[in-house]
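Number of protein chains: 2
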Amino acid sequence: MKSGKILVAQGGGPTAVINQSLVGVALEARRFSEVRRVYGARHGVRGIVDEDFVDLTQETSHNLEQVANTPASALGSTRDKPDLRYCHEIFKVLRAHEIEHFFYIGGNDSADTVRIVSEEAAKAGYPLRCIHIPKTIDNDRVGNDHTPGFPSAARFVAQAFAGANLDNAALPGVYLAVVMGRHAGFLTAASALGKKFPDDGPHLIYLPERTFVLEKFLADVKSVHERYGRCVIAVSEGIHDESGEPIAAKLAKDLERDAHGNVQLSGSGALADLLCEEIKTKLKIKRVRGDTFGYVQRSFIGCVSDVDQREAREVGEKAVQFAMWGQRDGSVAIKRTGFYSVDYELAPLEAVAGRTRTMDDAFISASGTDVTDAFRLYLRPLLGSGMPDAFRLRTHPVAKVLRRG
Amino acid sequence: MKSGKILVAQGGGPTAVINQSLVGVALEARRFSEVRRVYGARHGVRGIVDEDFVDLTQETSHNLEQVANTPASALGSTRDKPDLRYCHEIFKVLRAHEIEHFFYIGGNDSADTVRIVSEEAAKAGYPLRCIHIPKTIDNDRVGNDHTPGFPSAARFVAQAFAGANLDNAALPGVYLAVVMGRHAGFLTAASALGKKFPDDGPHLIYLPERTFVLEKFLADVKSVHERYGRCVIAVSEGIHDESGEPIAAKLAKDLERDAHGNVQLSGSGALADLLCEEIKTKLKIKRVRGDTFGYVQRSFIGCVSDVDQREAREVGEKAVQFAMWGQRDGSVAIKRTGFYSVDYELAPLEAVAGRTRTMDDAFISASGTDVTDAFRLYLRPLLGSGMPDAFRLRTHPVAKVLRRG
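Taken in sequence, the protein lines are chains E and D.
Every letter in the first sequence is one number past the one before it in UniProt numbering, and letter 197, counting from 1, is 197.
Every letter in the second sequence is one number past the one before it in UniProt numbering, and letter 225, counting from 1, is 225.
Everything labelled a hint here was simulated from the structure, so no lab data went into it.
In this text the structure is predicted, and so the values were computed from the model without any measurement.
Do not take every clue at face value.
[What the hints assert, rightly or not] Once the Cα atoms are required to be at most 25 Å apart in a straight line, the calculated PhoX-like pairs of lysine-lysine come out as: (1) LYS81(E) - LYS280(D); (2) LYS400(D) - LYS2(E); (3) LYS92(E) - LYS2(E); (4) LYS92(D) - LYS400(E); (5) LYS400(D) - LYS81(E); (6) LYS284(E) - LYS81(D); (7) LYS2(D) - LYS400(E).
[What the hints assert, rightly or not] Under 10 Å between C-beta atoms, here's a sample of chain D residues computed to sit facing chain E: (8) ILE18; (9) GLU51; (10) GLN66; (11) HIS97; (12) VAL304; (13) PRO388; (14) THR395.
[To be verified] With beta-carbon atoms standing in for the labels, derived distance ranges: (15) PRO127(E) - TYR228(D): 35 to 43 Å; (16) VAL213(D) - ARG380(E): 46 to 54 Å; (17) LEU214(D) - ARG376(E): 42 to 50 Å; (18) ASP83(E) - ALA249(D): 45 to 53 Å; (19) GLU65(E) - ASP241(D): 47 to 55 Å; (20) LYS286(E) - GLY125(D): 37 to 45 Å.
Glycine is no exception: its CB is placed at the ideal position from the N, C-alpha and C atoms.
If we strip away everything but chain E, and leave its shape as in the complex, we get (with noise of 0.2 Å):
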């Protein structure tokens, strides 16, 4: 190794533990002789190609600890797409820094970066090693059991509806939230880990994965009603009618598309509400609530699954030991391989780039609004030790004196 230079770049949206995976990097690499310069690119690709680069060897060991357990790019991130030209200018950076080593930590979107970045340098014949580190909110990745950001968001939103389904046995009527998820409804599943007693809610759950009708939502939601006297509803932001149309789309007066194309669903309180106004008018009950948990489910500084936090720092070192060690460029895959424990995997950049994974049938119930014990296996480990617990007073009642009967 000639220039002992690495580089490595957060992409996309920010998760809790993204920068477990930086640290990750930072500090494994610094292990090896060889590395002698560990550059940051500041947010993103865009930093890459303005040559906005940080020296992270000159950061101390125990900031980059305390910024590890920091949530939200530290980095900064981008919401960019390069396209071939803007690979192409990334690529010429590199080779002018005489980077070796290019770490990206993204999701799906990035993972398609890299692979072209490592085309390009092939084709130019530079010895680049490319190495993607996977991050996401929404588990979405394919050839992953999950994908560290998940389980901490996971465990927010079971958090949340743990509460608010307390807060709904207080005050009865109707309760709805919306999470984020545009085609993968993990996230939104995850509140039924927040659910202890058989009458807790969320009562009913609406994913991506099925379509949504609104007639058989309102006929859930009413026999739910009258048998509990209350309510409470998760609902994925990406809930979309038979055609593919997102619902959120029909009512959202100026719809929005990021660079990737995506409808930009979130920071709208439009689903939420518009669901909300036809549980009132159609269903006469007139205690509704709609609540969209928003960014707070993927920064909320304070509800870290360990287990998270762990994998995000693992899936960081393991990227510079598949980059010091093997012989070809990959993305780094978790698998899980026992009750609980997992093992880490370097796959092919174009066995994941482009591709959305979405709940298997397995894990969604036959009714369609509810998740399986397959699911409440699958996730609970990932939630992470620690997990608030809800209790209820038990049922001694008092005699009645005025009223007989």
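We have chain E already, so just place chain D on it with the hints.
Frame of chain E; chain D shown alone:
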């Protein structure tokens, strides 16, 4: 004491620590040999008139402790606002069951109920000790340094904004979140304690104690966005124009009013969406996101201030102490005695009923969109121990190679 029976109930919106107060009453009362039965009314005053009682004397101490740590009213709650006739019915039931001490845990409206029931008993010559136990998330009770329930909600808001700021720094744009608080801005102001570095958000805070002017709001946002390239904003759900009309009311299509005559502000994403729309269209900023935190602020299981838990427990215990040793009815009030220590007094029911506390001028900056150090000093001890902390990478720039200058 002849019957040895006491009754406790919970009213109004749930908080994360309201069961601490309930259990404080139940366990402290059991230490007195005169107390033979501790009844709990289900769903507040509604449960009293319906004689829907549970015997807490038969509940195990251990389960009571677990319930104490569980958010949201374990006995259930109600939004009913009793008029004179309703209060008379309450008194009838209390007398029929030979209740000697009546404890009601609730907000401002419930203190009025306790006062009327106390007067009914006095008129009837029936010996009944009535103690009101405060709870709130708004911190809007007069005569209290602060009120149980508020510190935990404030902790949630501070942590949420700490995370939102990190997220916004990673993917810069404008981020706005609407926080609970109809008339009092304490909870919205708590967002300021999520700010660590001088350029951190929230950069702008809009409280109901100040008139909201849309043009000034837009000018503020523009100025911050030009300075930092991003902007994080905290907005109270209760912001209003100079005539006092809620900004939210101008756009919420179906305006609901609850039994207390309050405009239903929770559960609607409309305010956040409207303000974001204004920013997008008038300031031509593309990346704008709005969230409404909703009920998760008061029920999130796993984000509770230990100071709040201790004080909520003590106000319940003090209520019993005041009832056993004192000669009059009243409302338990928290007074700050040192940095940081509190003591409890029994305030007259008339002194607090029906009055709303708002943010002191000394807590609001001259600009109107920030808090003062006096507020930081006031709030910080209430948030409790183990507050998560956010860390940044230090800057060690790398010289550009391709671009000169």
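For each hint, the structure was consulted:
no.	hint	verdict
1	LYS81(E) - LYS280(D)	holds, 23 Å
2	LYS400(D) - LYS2(E)	holds, 19 Å
3	LYS92(E) - LYS2(E)	holds, 18 Å
4	LYS92(D) - LYS400(E)	holds, 13 Å
5	LYS400(D) - LYS81(E)	holds, 23 Å
6	LYS284(E) - LYS81(D)	holds, 22 Å
7	LYS2(D) - LYS400(E)	holds, 19 Å
8	ILE18	holds, 9 Å
9	GLU51	holds, 4 Å
10	GLN66	holds, 4 Å
11	HIS97	holds, 6 Å
12	VAL304	holds, 9 Å
13	PRO388	holds, 4 Å
14	THR395	holds, 6 Å
15	PRO127(E) - TYR228(D): 35 to 43 Å	holds, 40 Å
16	VAL213(D) - ARG380(E): 46 to 54 Å	holds, 50 Å
17	LEU214(D) - ARG376(E): 42 to 50 Å	holds, 48 Å
18	ASP83(E) - ALA249(D): 45 to 53 Å	holds, 47 Å
19	GLU65(E) - ASP241(D): 47 to 55 Å	holds, 49 Å
20	LYS286(E) - GLY125(D): 37 to 45 Å	holds, 40 Å
Checked against the numbered hints given earlier, this structure breaks none of them.
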